[in-house]
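Participant: Read top to bottom, the protein sequences are chains H and F.
Residue numbers for the first sequence follow full-length UniProt numbering, beginning at 1 and rising by one.
Residue numbers for the second sequence follow full-length UniProt numbering, beginning at 1 and rising by one.
Derived by calculation from the structure, the hints in this document are not laboratory data.
As the structure is a prediction and not an experimental result, all values here were calculated from the model.
Glycine is no exception: its CB is placed at the ideal position from the N, C-alpha and C atoms.
Hints are not guaranteed to be accurate.
Just some of the chain F residues that point at chain H, by a computed CB distance under 8 Å [as the list claims (entries may be wrong)]:
1. Tyr-9
2. Thr-96
3. Leu-150
4. Trp-154
5. Ser-253
6. Ser-254
DSS-like, lysine-lysine: derived pairs with alpha carbons at most 30 Å apart [to be verified]:
7. H/Lys-54 <-> H/Lys-64
8. H/Lys-284 <-> F/Lys-188
9. F/Lys-31 <-> H/Lys-284
10. F/Lys-135 <-> F/Lys-58
11. F/Lys-140 <-> H/Lys-104
12. H/Lys-49 <-> F/Lys-89
13. H/Lys-64 <-> F/Lys-114
14. F/Lys-156 <-> H/Lys-110
15. H/Lys-74 <-> F/Lys-220
16. H/Lys-187 <-> H/Lys-134
17. H/Lys-54 <-> F/Lys-114
18. H/Lys-220 <-> F/Lys-220
19. H/Lys-134 <-> F/Lys-58
20. F/Lys-140 <-> H/Lys-49
21. H/Lys-49 <-> F/Lys-156
22. H/Lys-134 <-> F/Lys-156
23. H/Lys-284 <-> F/Lys-58
24. H/Lys-54 <-> F/Lys-31
25. F/Lys-89 <-> H/Lys-220
26. F/Lys-31 <-> H/Lys-220
27. F/Lys-135 <-> F/Lys-220
28. H/Lys-49 <-> F/Lys-220
29. H/Lys-284 <-> H/Lys-64
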Amino acid sequence: MTTRYGAGDWIFTILVHTVLILLVIVTLYPLLYVIFASLSDAGQLISHKGLLMKPLGFSLDAYKSVFDNPAILKGYRNTLFILVCGVTLNLLVTSLGAYVLSRKNVLWNKVFIFVIVLTMFFSGGLIPLYLVVKGVGLIDSLWATIIPFTVNTFNLIIMRTAFQAVPESLEESAKMDGANHFTILFKIIIPLSMPVIAVMILYYSVEKWNGWFYASIFLKDRELFPLQLILREILIANNTDTMSSGAAAAEQFQIGETIKYATIMVASVPILVLYPFVQKYFVKGVMIGAVKG
Amino acid sequence: MMIPVIAYYVIFHYAPMYGAVIAFKEYTPIKGIIGSEWVGLRHFQDFFGSYYFWRILKNTVIISLYALCFEFPMPIILAILINELRNRKFQRFVQTVTYMPYFISLIVICGMIKDFTNSGGIINTLFTYLGFDDKAMLQKPEMFRSIYILSEIWQKIGWESIIYIAALMSIDQEQYEAARIDGASRWKQIWNITLPGILPTIVIMFILRMGNMLNVGFEKIILLYNPSTYDTADVISSFVYRKGLLEFGWSYSSAVGLFNSVINLTLLILANKISRRVSENSLW
Numbered sequence: 001m002t003t004r005y006g007a008g009d010w011i012f013t014i015l016v017h018t019v020l021i022l023l024v025i026v027t028l029y030p031l032l033y034v035i036f037a038s039l040s041d042a043g044q045l046i047s048h049k050g051l052l053m054k055p056l057g058f059s060l061d062a063y064k065s066v067f068d069n070p071a072i073l074k075g076y077r078n079t080l081f082i083l084v085c086g087v088t089l090n091l092l093v094t095s096l097g098a099y100v101l102s103r104k105n106v107l108w109n110k111v112f113i114f115v116i117v118l119t120m121f122f123s124g125g126l127i128p129l130y131l132v133v134k135g136v137g138l139i140d141s142l143w144a145t146i147i148p149f150t151v152n153t154f155n156l157i158i159m160r161t162a163f164q165a166v167p168e169s170l171e172e173s174a175k176m177d178g179a180n181h182f183t184i185l186f187k188i189i190i191p192l193s194m195p196v197i198a199v200m201i202l203y204y205s206v207e208k209w210n211g212w213f214y215a216s217i218f219l220k221d222r223e224l225f226p227l228q229l230i231l232r233e234i235l236i237a238n239n240t241d242t243m244s245s246g247a248a249a250a251e252q253f254q255i256g257e258t259i260k261y262a263t264i265m266v267a268s269v270p271i272l273v274l275y276p277f278v279q280k281y282f283v284k285g286v287m288i289g290a291v292k293g
Numbered sequence: 001m002m003i004p005v006i007a008y009y010v011i012f013h014y015a016p017m018y019g020a021v022i023a024f025k026e027y028t029p030i031k032g033i034i035g036s037e038w039v040g041l042r043h044f045q046d047f048f049g050s051y052y053f054w055r056i057l058k059n060t061v062i063i064s065l066y067a068l069c070f071e072f073p074m075p076i077i078l079a080i081l082i083n084e085l086r087n088r089k090f091q092r093f094v095q096t097v098t099y100m101p102y103f104i105s106l107i108v109i110c111g112m113i114k115d116f117t118n119s120g121g122i123i124n125t126l127f128t129y130l131g132f133d134d135k136a137m138l139q140k141p142e143m144f145r146s147i148y149i150l151s152e153i154w155q156k157i158g159w160e161s162i163i164y165i166a167a168l169m170s171i172d173q174e175q176y177e178a179a180r181i182d183g184a185s186r187w188k189q190i191w192n193i194t195l196p197g198i199l200p201t202i203v204i205m206f207i208l209r210m211g212n213m214l215n216v217g218f219e220k221i222i223l224l225y226n227p228s229t230y231d232t233a234d235v236i237s238s239f240v241y242r243k244g245l246l247e248f249g250w251s252y253s254s255a256v257g258l259f260n261s262v263i264n265l266t267l268l269i270l271a272n273k274i275s276r277r278v279s280e281n282s283l284w
């Protein structure tokens, strides 16, 4: 159908585009600024004020100091451990739960769901959680950032709804062939629910990669700090001394600025690279999740 | 198959709920939860009577209301704007860009906020062109809430718009065509078709938001605040964190946390009830 646009519609279209272009600039520019600043020459950056449209000079010194820093490397290793073990456990237990809750003939199904959903709205609070984690002996172990967060209730509900969409007939014919519940779950249901699994991997990975708060209260040993806690020292407490030691004070101060931006890049790029691949599943995943449990 | 799931919920969700009884006790690690003495409502009375009570309650409510008024509608507006784009490529581009900040960690975001709003930072420098003084904005109590809310919008607008975009996609396209034949302008189409189409989603999101009304994102607050901005920045959950984990007032802090949880649950139930009566949309 061809539509004739009136003047009002033209103004409307222009307005919509203007607003969105402005929004894109406001969102993108701070990130570009960080990229430019991280590649800039430290001395030039420090004396510069205002917007950057390209790197000032060009220097990879900041990145060199970041990758030479043992704390960052250790942080990276700890984060990777948390990510790999954590997400594996998350997916395993969440899918078991989602599978059981998605079957209609399970005894006490409604009760389980109520008991689980309630935890989204009511919790014992921070201190009692801390005491429990202490009680089970997880303090000062990387598992403290993994085990207490095995299942994210919201993700469980999303997964359950997705599993419900798998036709029951498939499951029944598998049962006739003698498949048990594990075979049904891992050989039939999960392969058929790949979009939602992809979204879950992303959600859980972001949670693990970016998480810092519980690490900061459960871990006291600096050797165990994940990347984000090291970043907190550099970005929030403004402490880059350990990285530029040996340089003269003035030089230290200068390179400190670029190091901050370089660490931001090093810590953010991996997750930003991951998300475009899963992006097309978001709307689907969210739509499923929006259905009431 | 359910055993790991049940064990998880019992240990890490229901045990802490039980542990919350320390709010009514004088908890000491040596005596444990059961052995500690009951003190009844003393911690609650201490809290309600303290100088901090009104300050953190006021800050929590104000920041939540700001979030409700300014942050909540933004993703809805964005979703509608994106929906009005006819060019698919541009549509995807806007979405990709606006989702991006959501994936950046809070620590990095706060590091950027600190740097940009600092004296000599880019936001500050831009402000000096407009005639404002160059100052460390995060040291100013009167600016804390604006910085907090604006950065929230910046980080989350795209991500939170996804759910509305999903809702928009399920609106029947024929309605638009019929409206166009009747000569309705684009404004009118938004007002009469788009908005009513996503209203149920908006209501549900609103109820959920009410249930989290007092859970102001305290991780961000404890990263950004400092003693000079406590007056406007300190909220219930940051107070719980400070008193409980930094000053070891475990029982007192649990009482404050429990107070917070109970209010949240009450607000959620209330919002759900009102909504069911007014619009026939509800969570349960």
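Participant: Hint by hint, note whether the structure agrees.
Facilitator: Here is what the structure says about each hint:
1. Evaluation of the F/Tyr-9 hint against chain H yields a held restraint, the C-beta minimum of about 6 Å falling below 8 Å.
2. With its C-beta approaching chain H no nearer than about 7 Å, F/Thr-96 sits inside the 8 Å limit, and its interface hint holds.
3. The criterion of a C-beta within 8 Å of any C-beta in chain H is not met by F/Leu-150, whose closest approach is roughly 10 Å, and the hint is violated.
4. Among the interface hints, the one on F/Trp-154 holds; its C-beta lies about 7 Å from the nearest C-beta in chain H, closer than the 8 Å criterion.
5. For F/Ser-253, the interface hint holds, since its Cβ comes within 8 Å of a Cβ in chain H; the closest pair sits about 5 Å apart.
6. The beta carbon of F/Ser-254 comes within 5 Å of a beta carbon in chain H, closer than 8 Å, and the hint placing it at the interface holds.
7. A C-alpha spacing of about 20 Å is found between H/Lys-54 and H/Lys-64, which places the hinted pair at or below 30 Å, so the restraint holds.
8. Distance restraint check for H/Lys-284 and F/Lys-188: the Cα-Cα separation of roughly 29 Å lies within the 30 Å cut-off, and the hinted pair is therefore satisfied.
9. Simply put, F/Lys-31 and H/Lys-284 have alpha-carbon atoms about 51 Å apart, too far for the 30 Å limit, and the pair is violated.
10. At roughly 26 Å between alpha-carbon atoms, F/Lys-135 and F/Lys-58 fall within 30 Å of each other, so this suggested pair holds.
11. Restraint check for F/Lys-140 and H/Lys-104: the C-alpha separation of about 57 Å exceeds 30 Å, so the hint is violated.
12. Distance restraint check for H/Lys-49 and F/Lys-89: the Cα-Cα separation of roughly 35 Å exceeds the 30 Å cut-off, and the hinted pair is therefore not satisfied.
13. For the suggested pair H/Lys-64 and F/Lys-114, the alpha carbons sit about 24 Å apart, so the restraint of at most 30 Å is met.
14. Proximity of F/Lys-156 to H/Lys-110 is assessed by CA-CA distance (about 33 Å); at most 30 Å being required, the pair is judged violated.
15. Taking the CA atoms of H/Lys-74 and F/Lys-220, the gap is near 25 Å; set against the 30 Å cutoff, the hint holds.
16. Between H/Lys-187 and H/Lys-134, the direct Cα distance comes to roughly 38 Å. Violation of the 30 Å bound is thereby established for this hinted pair.
17. With a C-alpha separation of about 22 Å, the suggested pairing of H/Lys-54 with F/Lys-114 holds against the 30 Å cut-off.
18. Taking the CA atoms of H/Lys-220 and F/Lys-220, the gap is about 21 Å. The hint holds against a cut of 30 Å.
19. Under the criterion of a C-alpha separation no larger than 30 Å, the hint pairing H/Lys-134 with F/Lys-58 is inconsistent with the structure, at around 33 Å.
20. Proposed proximity of F/Lys-140 and H/Lys-49 is supported: the alpha carbons are some 22 Å apart, at most 30 Å.
21. Taking the CA atoms of H/Lys-49 and F/Lys-156, the gap is near 28 Å; set against the 30 Å cutoff, the hint holds.
22. Our distance criterion of 30 Å between C-alpha atoms is broken by H/Lys-134 and F/Lys-156, whose separation comes to about 34 Å.
23. Distance hint between H/Lys-284 and F/Lys-58 is unfulfilled; the C-alpha atoms sit about 39 Å from each other, more than 30 Å.
24. About 62 Å separates the Cα atoms of H/Lys-54 and F/Lys-31, which puts this hinted pair outside 30 Å; it is violated.
25. Restraint check: the Cα-Cα separation between F/Lys-89 and H/Lys-220 comes to about 48 Å, which exceeds 30 Å; the hinted pair is violated.
26. With a C-alpha separation of about 24 Å, the suggested pair F/Lys-31 and H/Lys-220 falls inside the 30 Å cut-off, and the hint holds.
27. Pair hint F/Lys-135 plus F/Lys-220 holds up; C-alpha atoms about 21 Å apart against a cutoff of 30 Å.
28. Between H/Lys-49 and F/Lys-220 the alpha-carbon distance is near 27 Å, which keeps this suggested pair within the 30 Å criterion.
29. For a cut-off of 30 Å, the pair hint linking H/Lys-284 to H/Lys-64 is broken: about 41 Å separates their Cα positions.
The structure is inconsistent with the numbered hints 3, 9, 11, 12, 14, 16, 19, 22, 23, 24, 25 and 29, although it conforms to all the rest.
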